[in-house]
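**Q** Heads up: the sequence lines are chains A and B, in that order. Heads up, the first sequence is in this note's numbering, so the first residue is 1 and it goes up one at a time. Heads up, the second sequence is in this note's numbering, so the first residue is 1 and it goes up one at a time.
One thing to keep in mind: the hints can contain errors.
Stated by the list, open to error - Pair by pair, the computed Cβ-Cβ distance ranges are:
| no. | chain 1 | residue 1 | chain 2 | residue 2 | range |
| --- | --- | --- | --- | --- | --- |
| 1 | B | 34 | A | 97 | 38 to 48 Å |
| 2 | A | 284 | B | 129 | 24 to 34 Å |
| 3 | B | 204 | A | 173 | 21 to 31 Å |
| 4 | B | 274 | A | 11 | 43 to 53 Å |
| 5 | A | 274 | B | 128 | 18 to 28 Å |
| 6 | B | 221 | A | 173 | 26 to 36 Å |
| 7 | A | 158 | B | 183 | 25 to 35 Å |
| 8 | A | 182 | B | 231 | 21 to 31 Å |
Source of the hints: derived by calculation from the structure; they are not laboratory data. Keep in mind it's a predicted model, so treat the numbers as computed, not measured. The beta-carbon is built from N, C-alpha and C at its ideal position, and this holds for glycine as well.
Here are the chains, one letter per residue:
Number of protein chains: 2
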Amino acid sequence: MINELVAQIEKKDAPIVVGLDPMLSYVPEYIQKKAFSEYGETLKGAAEAIWEYNKGIIDATYDLIPAVKPQIAMYEQFGIEGLIAFHKTCAYAKEKGLVIIGDIKRGDIGSTSTAYAVGHLGKVQVGSKEYAGFDEDFVTVNPYLGTDGVKPFVDVCKQYNKGIFVLVKTSNPSSGEFQDQLINGRPLYELVAEKVVEWGEACMGDTYSNVGCVVGATYPEMGKILRKLMPKTYILVPGYGAQGGKAADLVHYFNPDGLGAIVNSSRGIIAAYKQDKYASFGETGYADASRQAVKDMIADINGARANR
Amino acid sequence: MINELVAQIEKKDAPIVVGLDPMLSYVPEYIQKKAFSEYGETLKGAAEAIWEYNKGIIDATYDLIPAVKPQIAMYEQFGIEGLIAFHKTCAYAKEKGLVIIGDIKRGDIGSTSTAYAVGHLGKVQVGSKEYAGFDEDFVTVNPYLGTDGVKPFVDVCKQYNKGIFVLVKTSNPSSGEFQDQLINGRPLYELVAEKVVEWGEACMGDTYSNVGCVVGATYPEMGKILRKLMPKTYILVPGYGAQGGKAADLVHYFNPDGLGAIVNSSRGIIAAYKQDKYASFGETGYADASRQAVKDMIADINGARANR
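In isolation and in its complexed conformation, chain A is listed as follows:
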């Protein structure tokens, strides 16, 4: 699956991914009103509003971007109805040719990780039939439980040609609390990075591994070191834009081949119409505002890469 992602990034010249992390407060009033008039102020109403909102953004941006990254928590907060919207969003984005990175940050003991991997990336056996539960292309995985919590995901990736991004150094302010702790003089995240390389060797694509990692845009010095530690590992980079990461900081997340990193923006794209810069699009032009924000982000990242 990493081959498909790289091909899409190269074809569209866009090493970016749009984070579909909808808060109900991002959804334009007119979409909320329409959904509530049909389903009431219910979980189904909220889920419908989010689905319509996502659909608009996908329609307006799919030709420019290689992938979307729906954050499942934002759907799970609305219970079953929210998860139906998550599933519909994944399926629709896939129909539009996009790679789906499910930001699910799952991870558990062996048999349980297998269940997550099967549900999100593989197929589950029911009697004589097989079904894909959510059918994402990549998912994010939490490494705290060690190899036997990650290996089942790798096995499912091999079987179904899918991929994962393992959390190495996350973008949030307190990520260092445990991740930066020194073990024999080296931070924990470097140990995790070494394991990511090891796990990834068993699941290589043409140039990069199907086992990628997550390194936040907010820690560029660490990103620079991690890039060198993991030359064949694709880095999913959250934290650009709203969280504070700048394009100039991100050039060292890329390899000399211009590949090796995919930068995520969520709020900065999907709620672009709420920024002064894109206010002229208005509420009903929210999807066009997202399209413009995608173009600006691509120019920003590619500009920084060119000036490296």
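Put chain B on the given structure of chain A with help from the hints.
**A** Okay, now just chain B, sitting in the frame of chain A:
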């Protein structure tokens, strides 16, 4: 919520929790056949089989036990239909007076952890209304992202009188890969334990905190130390039975007050009828086999505690 859990444990004299982690292969043939004849060999059919199976186990054991711990991965593998079965299972067990420990091992950056906490423990705002998505009483939380990934759960616990169990030392074979790494001479899991105490101070029940932790039964020496490091922290103990943890090993997970730990068994209870020991119950007596296995587990754990 920890007060309710402690009260239930004392009332039933049973410091145990039944892990509702159904694999389709555990579900008796006759239940699978009935579900498939109604819904076909579909995800809905699988979910229906699991729900019927769970219902039988809950009906046969609820008067003996304080709590159930459904493992969401086992439902999530069947997609939306599976999650509907998870939700029904939680609601039904709650109707029967049981405390619900959702084994979800979520954890993310701040705003995303808030969404998980709201969806599983709190209520989400939809227009002028509020809804509980899954409405568990406790959930398990992964600490890899540090304080700002856990704090949102604690805040929701305070608001809605709920609780969490944070992963400290997990029961799986490779848990030591990162968790046991020494930082200034002390293992990472002890640093996490110290943070758990700190997070828990902000969310105390009468004697114990609403912020508990997970320490696997398979590491009893570490459990002994962690018990002393965290005197007011309830320990959820997976790994008893099928994973290899023995009752005698677990006595030091309890405080001198006889409280402080709740031991989980999943397969050993829910698939008891598949063991030689309970084979005489037969497939149709699977729920009665589970009831007997619960009684035996309580006797085993309480016996070990008495001989401490």
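**Q** Evaluate each hint against the coordinates.
**A** Hints, one by one, checked against the model:
| no. | hint | in the structure |
| --- | --- | --- |
| 1 | 34(B) / 97(A): 38 to 48 Å | 42 Å, holds |
| 2 | 284(A) / 129(B): 24 to 34 Å | 26 Å, holds |
| 3 | 204(B) / 173(A): 21 to 31 Å | 26 Å, holds |
| 4 | 274(B) / 11(A): 43 to 53 Å | 52 Å, holds |
| 5 | 274(A) / 128(B): 18 to 28 Å | 22 Å, holds |
| 6 | 221(B) / 173(A): 26 to 36 Å | 35 Å, holds |
| 7 | 158(A) / 183(B): 25 to 35 Å | 34 Å, holds |
| 8 | 182(A) / 231(B): 21 to 31 Å | 28 Å, holds |
Of the numbered hints given earlier, the model fails none.
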